[in-house]
Amino acid sequence: MNFKSKLLALVAILFFVIAGTASARTEYDDILFNGYCTFDQDITLNKSITLNGTTYTSLSPSAWDDLTSPDANKTHAFTTYTSIFTGTSTAADQWNFQGLGAFGDVSIMRIEQKTGNPTNGTVLEVISADADADPLLITAAGATSLQVYGSGNVDIAGGTGTIDYTDFDVSADGAVTLAGDLGGTMITLTPSAAAVGIDASNAT
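No gaps in the numbering here: position 91 of the sequence shown is 81 in my numbering, and each next residue is one more.
Mixed in with the good hints, there may be bad ones.
What the hints assert, rightly or not - The calculated label-pair distances, taken between Cβ atoms and stated as ranges, are:
no., residue 1, residue 2, range
1, G106, D56, 47 to 55 Å
2, I39, D83, 40 to 48 Å
3, S97, T45, 37 to 45 Å
4, T105, S191, 31 to 39 Å
5, A183, S161, 27 to 35 Å
Just so you know, the hints here were simulated from the structure itself, not pulled from any lab data.
Computed from a predicted model, the values in this text were never measured in an experiment.
All C-beta atoms in this analysis are idealised placements derived from N, C-alpha and C, irrespective of residue type, glycine included.
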């Protein structure tokens, strides 16, 4: 088949495709264009096409488990777009970020409000839809150190720690229980000269 016949056949095929009329496809080994060619519709490549010495191959979408490691640091700027990641697995953790090796003074994951002038935003929000799911659980060395229950109760556990507030209030019907410290002083109060160390009063 000479060039003229091939070109006429290609034009006929494109006419049927653009007009929306089904037609049988014909494959050719060589098609040569010596000028510009404009296509008003999408073109699907089943194999490859070479333009000016560069071959372009039609690629199929990669499955999630076929993604390879990046070859350099990457920055993904979503600008004003939002992204939602969903998972339905009930057999294992749905999303797991792991830090491997003897990494130094770095964070496995860092969430930072870096620029801008927010007025009422939230840097990190953790939500449970019902009381059966705990919105936050933090473990250290295999032991639970902080747990926020779906009911709103909070447990903090550890060896020693410091609570540093300017004012610390307990609700009207709340109670504070202090277990005895067998190794030393249970409670130490160091008020300033103008402050009252203890002010306890009860009708009974």
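Against the structure, the hints come out as follows:
1. G106 with D56: 47 to 55 Å: Roughly 37 Å apart at Cβ, these two residues miss the hinted range, so it is violated.
2. I39 with D83: 40 to 48 Å: holds (44 Å)
3. S97 with T45: 37 to 45 Å: With a Cβ separation near 43 Å, S97 and T45 satisfy 37 to 45 Å, so the hint holds.
4. T105 with S191: 31 to 39 Å: Distance hint for T105, S191 is violated at roughly 52 Å.
5. A183 with S161: 27 to 35 Å: Since A183 and S161 have Cβ atoms about 30 Å apart, the given range 27 to 35 Å holds.
In this structure, the hints that do not hold are numbers 1 and 4, in rising order.
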